[in-house]
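Trainee: Each chain, letter by letter, is given below.
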Amino acid sequence: MTLGTWLALLVAIILAAEAVRALRHRALGSERWRRFFRHPTAGWGVGILAFLVIVALAAPLIAPFDPDRQLDIVGLKNHPPSWTFLLGTDVLSRDVWSRIVYGARVSLGIGGLGALVAVSVGSLVGAVAGYYRRWVDAVLMRTVDVGLALPRIFILLMAVALWDRLPFWVLVLAIGLTSWFGTGRLVRAEVLSLRERDYVLAARALGAGAGGVIFRHVLPNAAAPIIVSAALGVGNVLLLEASLSFLGIGIRPPTPSWGNMIADGAPSVYTAPWTTVAAGLAISLVVMSLNAVADGLRDALDPHEEGGAT
Amino acid sequence: MTGVVWLLRRFVASVAIIFAVVTLVFILIHVAPGDPCVGSEEGGPQDPAMCPLLIRQFGLDQPVHVQYGRYLVQLVHGNLGYSFSLHRPVSDALTETIPFTLQVAGVALLVDFLLGLWLGIYQALRVNRLPDVVLSNVTLFLYSLPTFWLALVLLLLFAEKVKLFPLGGPSDPILCPVIDSAYCVADRIWHLVLPAFTLGLVGAAGTARFQRAAMLEVAQQDFVRTARAKGLSEQRVVLRHQLRNALLSFITRFGLTLPFLLTGAVLIETIFAWPGMGRLAVNAILTRDHALVTATALIASTLVVSGNLLADILIGIADPRVRVPADGAAGGAGGADAALLTT
Amino acid sequence: MLSAMSGRFRLPLSIGLAGLVAAALSACERRGGCTGSYCGTLIDAAVGEPGTLLPPSTEEIVARDIEEQLFLKLADVGMSTNTVGDEDFQPQLAQRWEWDGPLTLVFHIDPRARWQDGQRVTATDVAFTYDAYNDSAVASPYRPQLKRIASVTPRDSLTAVFRFRERYPEMFYDAVYHMRILPAHLLRPVPRDQWKTAPFGRAPVGDGPYRFVRWQAAQSVELIADSTFFLGRPVIRRLIWRFTPDLGVAVSQVIADQADVREQIVTPENKERLRAAQQIALYPYRGNVYTYLSFNLRANGDTAKPNPIFADREVRRALSMAVDRASLVRSTLGELGKVPPGPMSSLLWIWDPEIRQLPFDTAQAASILNARGWRDHDGDGIRDRGGQPLAFHILVPTTSVLRKQYARLLQEEYRAIGVRVDIDEVENSVVGQRVGTGHYDTAILSRANDPSPSSGIAQSWTRAGFGGSNFGRYYNPEFERLVDRAIAATSRDAARRLWRSAMDLINADAPGVFLYSLENMAAIHNRVENVQLRPDSWAALLRTWRIPSSRLIDRDRVER
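Protein chains in written order, with my numbering: chain L, 1 to 310; chain Y, 1001 to 1343; chain E, 2001 to 2560.
These aren't lab readings, by the way, just hints derived from the structure by calculation.
Please note that the accuracy of each hint is not assured.
[To be verified] Straight-line Cα separation of at most 30 Å, BS3-like style, residue types lysine-lysine; simulated pairs:
| id | chain 1 | residue 1 | chain 2 | residue 2 |
| --- | --- | --- | --- | --- |
| 1 | Y | K1163 | E | K2271 |
| 2 | E | K2147 | E | K2305 |
| 3 | E | K2271 | Y | K1161 |
| 4 | E | K2271 | E | K2338 |
[Unchecked claim] Chain L residues, not near chain Y, derived (Cβ > 12 Å throughout):
| id | residue |
| --- | --- |
| 5 | D72 |
| 6 | G75 |
| 7 | L76 |
| 8 | L148 |
| 9 | A205 |
| 10 | G212 |
| 11 | A279 |
| 12 | V287 |
These numbers come from a predicted model, not from an experiment.
The beta carbon of each residue, even a glycine, is placed where N, CA and C say it ideally should be.
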């Protein structure tokens, strides 16, 4: 670690803290944000996520070494953590801290994009199913049942393992397309209850088309479960990518992802556990933060609490 | 609609789903590149002249729909096919591995249920006081761990550093190749502890969080406040009224969690060398063993669908008011449970 | 804690606790009472699981180790692993033999030899075995090794006659080493093309020092000593092979005293871990495994067309020179590996550091690539020619941590000279299938050597190996001539000179990069005595190992 990278790290921490402070300030004026920050962990969650996102974006500035560079395969193999190598080196003498930093890009990227695909498809399908009901609903929900009937990891294994050279975006798409089923059901339930609301009936009476009603009136009010789903979804995708990499079919070497770092470090876990432990903790930290944020969001956005007594 | 008609409809729908899943998997694995001519590079591969023989012997050169038809016919006769990678009939391989997965999943479920429920109740009784706060964070942490990472860490700690538990495998190969005595049962339990505990711990954390929230929600409701107002002791109020309702929502989750545990134990089985169905299925996919993959898909989807059906029936029995089909708002389906489905 | 719960919980919890206590107590029960010198249980922590235990169809080394105990050869090499002539061979199934003319070898089968079902072992079995190994329907990987044998016929029930096509120094070796004699009366009814999947392979019946007891799928194989074995009762009563998913787990089991033997520990990290374990003794012995990066000289997926990158000899030489083999070995294996001077392990007598090898010289490698037109025309850091980048895939099996590590190291070495490498990690059997059918660019493969170069090298690097072990389809007629003459050479010195020329030639052609040769080290529980490890097959002399009665531990005494 050089002076420059220490400074960059410090800046990242400060920026994250500032972001949380700014949000708390917002909370003073908004009932929702106040409910959000009632959970002490939610604030920490936002802070940690902000920090990791900043780190991921500013990776070239924060990481002291090139994540793929094998520094000295004879002399620096499995070096324990030190001031130069914050989290030690791995079995190929690569700096673990740098790989974690760049791995944040890959893992968070997959997490975000995968969750985006999943939530988008799920919301759309759920909204359509809930709005149109009858046979459209039946067909779509049966599809959801089929999708849920087969464990995700098997579908992904078949998709990814059987075609050896999948590009990154196909992997993301595959993960997203196998993860939307739960969101679909959730959104459908919301839409079913929302479609009888006054404003929806009014809009339809005024001649608004189905698409307009769905997008302008229904979905925004179903936003709460969708947003919470999205927050949790990123965590799920992260864990899924880690599992796939552990089985050897996730992100290809030498690109670091937190999942394949656990897999790479597993054989030396008895003598040099820092790679595996660091990557696992990183994943846990992100998922924990996401869960904490989701908890806060659930409270903040819960329509039952909107100005009503129990 | 009456209960029987509803049940019949659900049953038919379930069969249709299983059928659809199997068809999908069948097509997928037959369309994928690569064929099951297995060989090992240590001794040289199969004689290339041999491979066409093998292919013809199992009818793999026919078009997909012909193979599919043959497969269905075989299925009706109870023949699940032949596994290339294991050199044995598929049914043999499955009957050997399913009991192991059931053991691990069963104990994991027990851990999940007992520990999670107890933690949830304990926290709800001391809501917002120190034990609750500490436990909330602990469960949050556990819930966020990748299960296989936890397995590696626990293996390192308890099997290597502190030699408390065995390193893997289902039993002592010398004394207990088969379970034929009380000692062997105990031995099996001892081997089960780490894998089942790892699998169940993450689930227990989730259950605890869920139960705590459910019980706190119930605590707001009128009948509880009434009971409290009537002067009944806090504990009895909690345990009599809240528990029942909390259990209700747990039953839903049970039906949905069971299939996950059975096939989601894949990574645990790999790390602990547990000869279960999950590991079998993964190897089958990686070695492109058509018959085995399709058979495991069949079993897996049957389990999932049965689990859903079971959950619906149990809910229907337990609380006649709540005749909502499982695809709805029952017990936070989607969010919380989707998170469980990852490992 | 109990008070926080209602009565509903207390009862089941108490029952549960009581149950556990009872189980724990019953665990203290002592079992078994075997005493004396013929007790003992040896557990081997094996990596991977065999597919079948039928010798001609066997592919995995684990299976071969188990078959060593179940099936006999006519004779076996001695500890010197000298394969020339017959002086250093030990009688096994054959009590004695003699030469009946320059091309005829006659074996006299020991009349005491019995199959486990009681039947006598006869010369018919020997003839049947030869026929099966040679049968293309069985498709045995050992078939090419038997090509110089013209026929095997029974003269009478205890005499088998081998006739050869030509004279050469290793006739005896070829006659006895490759085949394990099979029971004709049990295998004749099985159709030849179903041998690979025959039930016999899951429950074999042999004539060796140990008998098969059970095979628990995905868990273990158990063998028990045959007390009536005609060459001497094995001392250790039971052998168990425990299947583990990878080397790390296997080593952990040995450390935790849940296994006794780990025949190859491979890495220095494992050695450190094992040295710390009190009950383990480490035994170094000559290694028989070498690993290389195989270039596919034909197009990926089409063996009729030449490979656009690797068909060019100069490019192959450049790619070999770009790899710092010595550093890679030092980094991954330390002193437990050596850089091989060619496609061989240190077991082979032709190992000679004086053999001419390509030097590690990235500058020269770069200039060769430039000269062949591979330059970085588009400035992306990767060389290209005619629009095609100099990029290829390395295939490695997921089961081998060492080879995966090597793949990543090579990826980095090649990146330094402008070559892009992608790594494909697939299941072991899929690797076999892909290299066998030529669907690969490069692959990191391991070979276990036979004690003589005549069987392995010819198969892997000549035209005879096309469709067999010569995956990259390397062919050099001069190399083949040299190998043929070396095999037929009458004196050791002449053979050595010829082999050396052949090795010089193959190194110059660079059909692959010969990465490392393992220096074996076995980790064995220190209560085991008389440990003899023959380098070509560590388990060959298991029946002579001893566990003295003074050092029996719990699992040795079990009487199952």
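Trainee: The structure should be examined with respect to each hint, and the outcome stated for every one.
Mentor: Evaluated hints:
1. Among the hinted pairs, Y:K1163 with E:K2271 is consistent with the structure: their alpha-carbon atoms are about 20 Å apart, no more than 30 Å.
2. With a C-alpha separation of about 29 Å, the suggested pairing of E:K2147 with E:K2305 holds against the 30 Å cut-off.
3. With a C-alpha separation of about 17 Å, the suggested pairing of E:K2271 with Y:K1161 holds against the 30 Å cut-off.
4. This hinted pair checks out: E:K2271 and E:K2338 have alpha carbons roughly 16 Å apart, not beyond 30 Å.
5. Interface exclusion of L:D72 from chain Y stands, the closest Cβ pair being 27 Å apart, more than 12 Å.
6. Non-interface status of L:G75 relative to chain Y is upheld: no Cβ of that chain comes within 12 Å, the nearest being about 26 Å off.
7. The claim that L:L76 is not at the interface with chain Y holds, since no C-beta of that chain comes within 12 Å of its own (minimum 23 Å).
8. Its beta-carbon lying about 7 Å from the closest one in chain Y, L:L148 breaks the requirement of being farther than 12 Å from that chain.
9. The Cβ of L:A205 lies farther than 12 Å from every Cβ of chain Y, with a closest approach of about 27 Å, so its non-interface assignment holds.
10. Once the 12 Å rule is applied to beta carbons, L:G212 is consistent with being away from chain Y; the minimum gap is 26 Å.
11. L:A279, annotated as away from the interface, has a beta carbon of chain Y within 12 Å; the closest lies near 8 Å.
12. Residue placement check: L:V287 does not keep its beta carbon more than 12 Å from all beta carbons of chain Y (closest about 4 Å).
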